[in-house]
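Top to bottom, those sequences are chains P and A. Everything in the first sequence is counted per our numbering, starting at 1 for the first residue and increasing by one. Everything in the second sequence is counted per our numbering, starting at 1 for the first residue and increasing by one.
Derived by calculation from the structure, the hints in this document are not laboratory data. Check each hint, because a few of them may be wrong.
Below, a sample of chain A positions facing chain P; criterion: calculated Cβ distance under 8 Å [said to hold, decoys possible]:
#1 A103
#2 A207
#3 P224
#4 R267
Computed footprint of chain A on chain P; a stretch qualifies when at least three of its residues, placed anywhere within it, have a C-beta under 8 Å from a C-beta of chain A [what the hints assert, rightly or not]:
#5 104 to 110
#6 128 to 134
In this text, a Cβ means the ideal position worked out from N, Cα and C, and glycines have one as well.
Spelled out, the chains give:
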Amino acid sequence: MTDLQNITGGEQAPVLTVQHLTVSVRTEGGLRPLVQDLSFTLNRGETLAIAGESGSGKSITSLAIMGLLPPPAVRITGGRIALGATDLAALPEAQMRKIRGDRVAMIFQEPMTSLNPVLTVGAQLTEAIRAHEPVSRAEAKARAIKALTAVRLSQPERRMTQFPHELSGGMRQRVMIAMALALRPEVLIADEPTTALDVTVQREVLDLLRDLQREMGTAIILITHDMGVVAEMADRVIVMKAGRMVEEAPVARLFTAPKADYTQKLLAAVPRMGGPDRPAPMAAPVASLRDVVVRFPIRGGMLSRVVQNVHAVEHVSFDIPQGQTFALVGESGCGKSTIAKALVGLAPHQGQITVAGQTVTETMPRALRAQVQMVFQDPMAALDPRMTVGDLIAEPLVIHGLPHARDRAADLMARVGLSKDQLDRYPHEFSGGQRQRICIARALALNPRLVIADESVSALDVSVQAQVLRLLQQLQDEMGMAYLFISHDMAVVDTIASRVAVMHLGQIVEMGTRAQVFGNPQHPYTQRLIEAVPQPDPTARRPPLPRLAGEVPSPLHPPGQGPARLRLIDRGAGHLVAEA
Amino acid sequence: MVYVTRRLVQSALILLGVSFITFVLLFVLPADPVRQIAGRAATAATVENIRAQLGLDQPFLIQYGRYLLGLIQGDLGRSYLQKTEVAELIGSRLPATLLLMAAGIVAELILGLTMGIAAALYRGRALDQALMMTSFVTVSAPQFVVSLLLLYVFAVQLGWFPIGGYGTFAHLVLPAVTLGILGSGWYARMMRSSMIEVLRADYIRTARAKGLTRARVVLRHALPNAILPVIAMIGIDIGVFMGGIVVVESVFGWPGIGQLAWQAIQRVDIPIIMGVTLVSALAIVLGNLLADLIAPLIDPRIKLK
Chain P
1 MTDLQNITGG
11 EQAPVLTVQH
21 LTVSVRTEGG
31 LRPLVQDLSF
41 TLNRGETLAI
51 AGESGSGKSI
61 TSLAIMGLLP
71 PPAVRITGGR
81 IALGATDLAA
91 LPEAQMRKIR
101 GDRVAMIFQE
111 PMTSLNPVLT
121 VGAQLTEAIR
131 AHEPVSRAEA
141 KARAIKALTA
151 VRLSQPERRM
161 TQFPHELSGG
171 MRQRVMIAMA
181 LALRPEVLIA
191 DEPTTALDVT
201 VQREVLDLLR
211 DLQREMGTAI
221 ILITHDMGVV
231 AEMADRVIVM
241 KAGRMVEEAP
251 VARLFTAPKA
261 DYTQKLLAAV
271 PRMGGPDRPA
281 PMAAPVASLR
291 DVVVRFPIRG
301 GMLSRVVQNV
311 HAVEHVSFDI
321 PQGQTFALVG
331 ESGCGKSTIA
341 KALVGLAPHQ
351 GQITVAGQTV
361 TETMPRALRA
371 QVQMVFQDPM
381 AALDPRMTVG
391 DLIAEPLVIH
401 GLPHARDRAA
411 DLMARVGLSK
421 DQLDRYPHEF
431 SGGQRQRICI
441 ARALALNPRL
451 VIADESVSAL
461 DVSVQAQVLR
471 LLQQLQDEMG
481 MAYLFISHDM
491 AVVDTIASRV
501 AVMHLGQIVE
511 MGTRAQVFGN
521 PQHPYTQRLI
531 EAVPQPDPTA
541 RRPPLPRLAG
551 EVPSPLHPPG
561 QGPARLRLID
571 RGAGHLVAEA
Chain A
1 MVYVTRRLVQ
11 SALILLGVSF
21 ITFVLLFVLP
31 ADPVRQIAGR
41 AATAATVENI
51 RAQLGLDQPF
61 LIQYGRYLLG
71 LIQGDLGRSY
81 LQKTEVAELI
91 GSRLPATLLL
101 MAAGIVAELI
111 LGLTMGIAAA
121 LYRGRALDQA
131 LMMTSFVTVS
141 APQFVVSLLL
151 LYVFAVQLGW
161 FPIGGYGTFA
171 HLVLPAVTLG
181 ILGSGWYARM
191 MRSSMIEVLR
201 ADYIRTARAK
211 GLTRARVVLR
221 HALPNAILPV
231 IAMIGIDIGV
241 FMGGIVVVES
251 VFGWPGIGQL
261 AWQAIQRVDI
271 PIIMGVTLVS
281 ALAIVLGNLL
291 ADLIAPLIDP
301 RIKLK
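Between the sequences and the hints, there should be enough to build the whole structure, so can you do that?
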């Protein structure tokens, strides 16, 4: 070791060295490379971010290091992965197994599905320890509890006996981190570790990872598509595109002076908070909600009585002005999607919802349904794979008995930037962004007054996301419909909305123009949300988010009870803030 | 507990429905049980006499009402021909059938699950294809053919097992395997697809990332998740089993209720047919309940309500 240190000029030897790594998939047309000629080093205690959009090969790289490439189709076809003196690329499975989890560990994107649902947290943690160290059951248990304490989970002894479904997403990701770090690996690979989490939880998990890294000196490879997370966490960054590295740079230089065109484009596409103000003139409302309440009963017992109610939406009132974009933001479970369902008459509600002057009910007339259309999050799931794109776009016209459906569909394709020659193709022949354009075309087919976009750009890569956002804006300018834009992503909302309402546990806590809510947030919850958003600016490192004390609030209440109703107070110029 | 009570009440209703439908079917049946009892030479007067004695001259609803009344008191009636209590007949034969059924299910699971797991692990390779081919054959082969084949090879030619009868473990093997073979193809296919799906799950990747051995990943992480849909299937499968048991018991001379039913159907012995049907229905209902009670023991997310 000392020799090596001398050679590298007093610096430590890298923990991990990847040289000319090539990973290929076997296809009918021969080997096709997924990662090509990738080289990098990783030093002790360092965080290296591998950033890129889908298909860039960043996840394949991490699986290659772990020896978890899906056999037999995908395999390493060239290069070395040196962990210390060992070449992982050439190691037989039996020995690779001993390294996995012990010297190189990994945490994954989906905390909801990455833990085995039928085993307790304790069983999964202790087996990870006992797979590598010859310790007794009791000793493994003690170490597991220590690991859970280290990731700041409350009541670690109780967590040991719980099953994954009894924990929230953030807690599960902490369990994953505890499992990965229990054996103090030299390298931790974190593949989109916070992508599936709410922003405030994301902040807590990122803070935790950074603290543990400082304590243990673990080297982290952070795989992410989120440039905000990169700026927040990384020391060095590799930008990948289509299996190749396009740029490698220290984080500060990457953001201030990106060299590669692709990096520049990528950074330009990242939605940012702030920016030029957009006027939000008061216009006549196209839709309004007054005192809307949606509750879902939970039944139980011998006679299926209502034992609890989920208070999904509580006394929500707002107007969506004609031709403008009204955004609902909030964390998962806050009731924002339920409002969308109620607006199209798919959720039973109390209170008054009107669209274009008519009352929305579950049995509303078809003509009124045509006024409100939806665009969903996952464009693949939202398009019937067995219908051609032409049929999909024309379907609403056919249902409503309108003529010239085919010609209209061709028009709409052109409007959303696709060619009418593609009408006879099937959804799987399009990319994710193109599919979302198809969904938008379908939503526009009936000339609706209101389009509800429920997380419509959340599943898209940033560059595609920027294009789709631009398209939405352009269509609104041309056709004059209003959008109800529902998103958990504050930065995206900030780039498109003119008015914003922040929801928490079914109620609106703050509402106003975009400038009022994001520029001058008044409610503590809004402040916390905005504070938690990772900024694509490495100079803006902020202190860790103060953790909230006490129980996680729940929208479940026994019959006859409910949350305290928040009163909104006008803080001037229509900026409504809930009383704390 | 609330759950079990509710399910038992449901089961009683199901049995009531089954009894009604079976009764209707037997009532409209062209075969006349009285003729069977009286024999061909009997005079019209004798026939009518017996009919009145058995109450078969009464309108349908009264006949059914009487039967129900008896049923509630635990009285399944008397066999027309053997003049014994049906409850007694079934009671004396039920243990043999239950034993055969249990052995059949065990055989089925051992064969089916092993084949399914092996096929999933060697997906797309020769072993997988061979096993899936085998499963096709076992699903399509009629039971009387399988049973005769097994009898010929293992009892007649090799002499490893007795040709028929009841008593020792050796007597049990061939009928149980016959019963098991049919279902094993189903289970192999189900287990294979369920296992393939589970092996793709994120938590399997996590388990591998921990550095667990392949055996541990498969047995401890994949198997309990993959077996869940199969367990639900066992409950339903008991119905199919009852059908198979009639055939298998007859071929192997197994003194169970299947054989009893077979004889009773030939002689239109309505009380026995009713009794066996109800007991089978009860077995199916309880089997399903049992399967539903086992599921939450494996998967803690399943809540019974």
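Results for each hint:
no.	hint	verdict
1	A103	violated (28 Å)
2	A207	holds (7 Å)
3	P224	holds (5 Å)
4	R267	violated (45 Å)
5	104 to 110	holds (count 4)
6	128 to 134	holds (count 3)
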